[in-house]
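Protein chains in written order, with this note's numbering: chain A, -6 to 213; chain B, 3 to 427.
If you're looking for bench data, these hints aren't it; they were derived computationally from the structure.
Since the model is a prediction, treat every value here as computed from it, not as a measurement.
Keep in mind that the hints are not guaranteed to be accurate.
Quick list of simulated restraints, FRET-style, between CB atoms [unchecked claim]: (1) A/Pro113 - B/Thr251: 43 to 51 Å; (2) B/Thr75 - A/Asp112: 25 to 33 Å; (3) B/Pro313 - A/Pro113: 20 to 28 Å; (4) B/Leu198 - A/Leu211: 35 to 43 Å; (5) A/Asn57 - B/Thr251: 46 to 54 Å; (6) B/Gly21 - A/Val21: 37 to 45 Å.
Quick look at which bits of chain A chain B covers, simulated, 3 or more residues with Cβ under 8 Å [said to hold, decoys possible]: (7) 108 to 120; (8) 132 to 141; (9) 153 to 159.
Over 10 Å on every C-beta distance to chain A, these chain B residues come out as not near it, computed from the model [stated by the list, open to error]: (10) Asn60; (11) Ala90; (12) Gly91; (13) Ser103; (14) Ser104; (15) Glu131; (16) Ser285; (17) Ala346; (18) Thr359; (19) His364.
Using N, Cα and C, we set each Cβ at its ideal position, and we do this for glycine too.
Each chain, written out:
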Amino acid sequence: MNLDWDRLGPLLWQAGGETAYMVLITLVVGGFLGLLLGLGLYLTRPGNLLQNRAVFAVLNVAINVVRPVPFLIFLVALGPLTRAVVGRTIGIEAFTFAMCFMATFVFARLVEQNLVSIDPGVVEAARAMGASPLRIVRTVLVPEALAPLILGYTFLFVGVLDMSAIAGYLGAGGLGDFAIVHGYRQYDWAVTFVVVVIIVAVVQVVQLLGNYLARRALHR
Amino acid sequence: MSQPIISFRDASKIFPGRGRRAEVRAVDGVTLDVAEGEIFGVIGYSGAGKSTLVRLVNALEKVTGGSVVVDGTDLTGLSEARLRGVRAGIGMIFQQFNLLSSRTVAGNVAYPLEVAGWSREKRRERVRELLDFVGIADKADVHPRQLSGGQKQRVGIARALATNPRILLADEATSALDPETTQDVLALLRRVNRELGITVVVITHEMDVVRAICDRVAVMEHGKVVELGDAYQVFSAPQHDVTRRFVSTALKDRPSPEVLARLRERHPGRIVTVGVDEVAGSSALITRTLREHGVDGTVVYGGITEVAERPYGSLTLELVAASPGVRPLPDGVAPADGVDAAVAALRRVTDVVDLGTAADPHEDPSVVRRGVGQAPDDGPGGEERRARVIGGPARQVGGGPFGGPSGMTGGNDLTTGIIDDGGKR
Ligand SMILES: Nc1ncnc2c1ncn2[C@@H]1O[C@H](COP(=O)(O)OP(=O)(O)O)[C@@H](O)[C@H]1O
Ligand SMILES: [Mg+2]
């Protein structure tokens, strides 16, 4: 055990900052776009408020195609688009872009699955009271599915953290990169261990927070 | 009838088939008017098209043929935005209540007011008023899951009345409730109708609901209205098998074959079932007829209930010629003839089913022998029964006040001639 914290400390701090940057941006952007995409998928499903077979089929297929692709391969495959949007295919911005993309599709499916479980009767009741589709989204769909949406979002966080480690390894920096460069490659298990502990602790805290908020949402 | 508040003209709703699923004619050429201020019932079995019909009124579904006019507005071809306005002016309650679990009771009742753009203060005042009216003011801040079914439906009613609609649609509103709570909710609906003057359209598969509150009723089957009219008339002289089946669920006044067998053991005399209703045989008239023929009638079975607040049912009597010691018979009239004459006389005042005596039993021609819902082409067994019925005494099968499970013999076939409405309608 010869942890050189004077040297590693600032590097770890910086790595944590990079991970936070990737994860937070992805959670905000992917969460928002994923919510919209999920709502779109739900609403255009045959029999629902804005049913539209063509749009539904396109969204559904897109999500089914993107979601199961391993993130490492997805990163590479998205290269041309990343270059077009960000200007380059590596670096933290480029990888964050790819992460937002993937997170959007992952979360869209989670959102849709949670919305499907809402009793269609309450949507019908709102419609019978003259509510517009937009109002129904805002005042019925999201509030009624809030608890599972919070849990889904918590789940998304863990997935995004996972993606950030892969991105980090490919050169975006962050905790994953730190664990490999200063731990794994140096045969320094202590460093790897510290990073793992940090990640587990963060995931634990976020999960607890998510559970707490979801419970609050249910017990209102 | 003044200008009807709801008017269907040859209205149809066809759900297109997909793949190998055939199209569904959920509502098929319905023409009917609902008068302002009445409680109108739509009764039918599951899948008859009742919900679809009522959903045409607030345009949750759009007609695929014909038209629906609500409060002077033809809904056909209105834009979605205009339809939202129409919907906001019509209240609706549901079997499963459909309350928002994310809101309190007060929040649920306030929902339509938010849609209608009421200010916060006006909303709060109106919500209090509504919860008072339905009798759950103390539950304002409670979440729906903490309420009983009856209380949930009261919230549903309060919510439906929030924007002062002129029409309230109730789709199986009591079907998820126990009998007692059902009566409470029905009483509340009657208050809504009488005190607020709101036209109520009640959809149900329960005869008791129609019996309790409806002024007029439409009976639906396979998307069509098969009977329509004053609730009492429709149920006291049902013309259609479906109607008869509903009547028989509300009143078990006719002895089943098993009961009849036991009755015959106990009562060796002539057993007849006579109809009791407002139009024909009042029980006073029946008693007088028997007395005139020197016959004693002992009530051995039966039931009389109310439809639309009027009496209706049947009594099964054992008829025995009074012993000469009690009342001398006219010269040369044998006791058995006295009973025959009495039966003939009864036929003139009401519907009669002659079940014969223990020694010479007549089968009840109206007994349901086969499962309900038989197809119009009911196989050879049906033919056999039908023939026997037609061969029977003229007024044997009542379309009359018996209601009962009668007429089942002919399946759904109205044209076999076995249905004798006795000129009642
Ligand atoms: N949205 C729909 N799509 C296809 N078929 C439907 C739809 N809604 C109702 N139906 C069909 O229309 C018929 C009548 O249904 P409904 O009006 O719900 O009957 P009821 O309320 O009398 O039970 C049924 O056969 C039902 O399956
Ligand atoms: Mg229904």
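Mind listing which of the numbered hints don't hold for this structure, in increasing order? The structure breaks hints 1, 3, 9, 10, 11, 12, 13 and 14; every other hint is satisfied.
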